[in-house]
Amino acid sequence: MSKSIIATAVAALLIGGGAGYWAAFNKTPDATTAQPSSAEHKVLFYRNPMNPTITSPLPATDEMGMDYVPVYAQDAQSNERKALFYRSPMNPNITSPVPTKDQMGMDYVPVYPEENLGNSAPVGTVKIDPTVVQNIGVRTAEVTRETLSRSIRTIGRVTYDEQRIARLHPKYDGWVEKLFINKVGEPVKKGTMLLSIYSPQLVATQEEYLLALNSVVTLGKSPFADVRDGANSLLRSAKERLQLLDVPEHQINQIKAQRKVMKGMHIQSPFNGIVMNIGAREGERISPETELYMIADLSRVWVLVDIYEDDIPWVREGDTAKMQVAGIPGRTFTGKVSFIYPYLEAKTRTIKVRLEFDNQNLALKPDMFADVDIQADKQIDAVVVPSEAIVRTGTQEQVFIQRAPGQFSPRKVTVGVSVAGNTQIVSGLQAGEIVVTSSVFLLDSESKLKEATAKMMEVSSPNQPSTTNGKETGQIQPETAPMETHQPASSTDMPNHQNMDGMDMPNHQDMGDQQ
Numbered sequence: 141m142s143k144s145i146i147a148t149a150v151a152a153l154l155i156g157g158g159a160g161y162w163a164a165f166n167k168t169p170d171a172t173t174a175q176p177s178s179a180e181h182k183v184l185f186y187r188n189p190m191n192p193t194i195t196s197p198l199p200a201t202d203e204m205g206m207d208y209v210p211v212y213a214q215d216a217q218s219n220e221r222k223a224l225f226y227r228s229p230m231n232p233n234i235t236s237p238v239p240t241k242d243q244m245g246m247d248y249v250p251v252y253p254e255e256n257l258g259n260s261a262p263v264g265t266v267k268i269d270p271t272v273v274q275n276i277g278v279r280t281a282e283v284t285r286e287t288l289s290r291s292i293r294t295i296g297r298v299t300y301d302e303q304r305i306a307r308l309h310p311k312y313d314g315w316v317e318k319l320f321i322n323k324v325g326e327p328v329k330k331g332t333m334l335l336s337i338y339s340p341q342l343v344a345t346q347e348e349y350l351l352a353l354n355s356v357v358t359l360g361k362s363p364f365a366d367v368r369d370g371a372n373s374l375l376r377s378a379k380e381r382l383q384l385l386d387v388p389e390h391q392i393n394q395i396k397a398q399r400k401v402m403k404g405m406h407i408q409s410p411f412n413g414i415v416m417n418i419g420a421r422e423g424e425r426i427s428p429e430t431e432l433y434m435i436a437d438l439s440r441v442w443v444l445v446d447i448y449e450d451d452i453p454w455v456r457e458g459d460t461a462k463m464q465v466a467g468i469p470g471r472t473f474t475g476k477v478s479f480i481y482p483y484l485e486a487k488t489r490t491i492k493v494r495l496e497f498d499n500q501n502l503a504l505k506p507d508m509f510a511d512v513d514i515q516a517d518k519q520i521d522a523v524v525v526p527s528e529a530i531v532r533t534g535t536q537e538q539v540f541i542q543r544a545p546g547q548f549s550p551r552k553v554t555v556g557v558s559v560a561g562n563t564q565i566v567s568g569l570q571a572g573e574i575v576v577t578s579s580v581f582l583l584d585s586e587s588k589l590k591e592a593t594a595k596m597m598e599v600s601s602p603n604q605p606s607t608t609n610g611k612e613t614g615q616i617q618p619e620t621a622p623m624e625t626h627q628p629a630s631s632t633d634m635p636n637h638q639n640m641d642g643m644d645m646p647n648h649q650d651m652g653d654q655q
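Under the numbering used here, read the sequence shown as residues 141 to 655, first letter to last.
To be clear, the hints were calculated from the coordinates, so they are not data collected in a lab. One thing to keep in mind: the hints can contain errors.
Beta-carbon label-pair distances, calculated as ranges [as the list claims (entries may be wrong)]:
id, residue 1, residue 2, range
1, Ala397, Gly419, 38 to 46 Å
2, Lys311, Ser362, 32 to 40 Å
3, Arg456, Leu384, 18 to 26 Å
4, Gly419, Leu502, 20 to 28 Å
5, Met230, Arg532, 51 to 59 Å
6, Met230, Glu586, 17 to 25 Å
7, Glu317, Asp450, 54 to 62 Å
8, Ser362, Leu502, 27 to 35 Å
9, Pro327, Ile480, 31 to 39 Å
10, Ala281, Leu198, 52 to 60 Å
11, Ser578, Lys222, 28 to 36 Å
We treat Cβ as the ideally placed atom computed from N, Cα and C, and that holds for glycine.
Work out the full structure: start from the sequences and follow the hints.
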């Protein structure tokens, strides 16, 4: 019986040992006893669950008894945004390769690769998150090549054709005998008698003409040719004097036929027109300074318009002009540009342009106002962008081009003419590029800030730091940077690092301050 008991005990020991061996090698590790199976599961440090900025190299608990959260290697590797360096929030010229604080306790700001675009992007390039791009209303447009033409709208004033105005003055002293046309605005035809004038000078000239006529009759039978020629020459001279004094031809013929002096000499209209002014009345004494009549031919009129300086490059003589007048609704008059005045109006800073319009039915009246549309024949083949894409700084013009989604760079451009919301780009852009057309001033402000920061960083850069006395200027050295030192948590050490008096104590010692 003792043998069976011994055999049973041995069997139990063997079974228990095998079970223990199997359990020892197949036990599932818990969170506190598990060992990392690979480098990816290695715990880098432990982070306060309520304040991620507080860390510990060893497991610890906060003041509420909550365990610090382990941070594994794969968690750090999974973070796509890795800071290149850290920049002082108060002085961008000071940087650090590791997280740190400034003298005021403010954390350094991390600079990520997408923010530090490097030499591949121009200075002032702005990187914006696509969500922010949508929120601030950034819109873009493609740079295109188009043929530009322009229609210039302005206001005009109808006036006389200065080449079709006659101001009649006598060439002698005298008195008005009779007015045949005595109403302003009355139409007259060429050759219409306007008035009759008595002048002693005209009487004397008529008498000379009559004497010359009689001499030709008397001496015309002379056997001497010189005598006959002299008489004829005297007659021609007397007639020319009458013509120079504007005596009409029908009155000269009448004097010749009647062989007597006429008291009143007539003045006739030189062309078809409208009497615009009468300067003398019957019985009034006149002289060469007296304007007897003003007659205007209104079958063709001028329209004077004012053009701004930036519109002048488009206007050329011969361009078509269309005009509408409020007093003649529904009718459009067509004319042309006849002259561009060679000077600028000082008060209005505009240039006068003269247009010509036919007015055979006299519908257009002087001093009417009209809406004028000058259709410039000039065309320009140009690279154009929407005018709102241009940022004018006072000394230069620039646009923002889209280098990539959410990435915008400023570029200087030379602009030309503007037409219908588009602006010609003389240099600086090519067709096919993408430019920003809205929120450009927000981008401009951010770009100027980036550019100013870049200039400050030129002296001291994380990639090419400048040195003074063997030490980098504007960059904190890794060996001298303030580093955090942590003590293992214990029952007497508070996780928030408060002393017994309730005073806040730093959660690490600034080794840099002790040095």
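Hints versus structure:
no.: 1; hint: Ala397 with Gly419: 38 to 46 Å; result: 33 Å, violated
no.: 2; hint: Lys311 with Ser362: 32 to 40 Å; result: 35 Å, holds
no.: 3; hint: Arg456 with Leu384: 18 to 26 Å; result: 43 Å, violated
no.: 4; hint: Gly419 with Leu502: 20 to 28 Å; result: 23 Å, holds
no.: 5; hint: Met230 with Arg532: 51 to 59 Å; result: 33 Å, violated
no.: 6; hint: Met230 with Glu586: 17 to 25 Å; result: 19 Å, holds
no.: 7; hint: Glu317 with Asp450: 54 to 62 Å; result: 59 Å, holds
no.: 8; hint: Ser362 with Leu502: 27 to 35 Å; result: 58 Å, violated
no.: 9; hint: Pro327 with Ile480: 31 to 39 Å; result: 33 Å, holds
no.: 10; hint: Ala281 with Leu198: 52 to 60 Å; result: 58 Å, holds
no.: 11; hint: Ser578 with Lys222: 28 to 36 Å; result: 33 Å, holds
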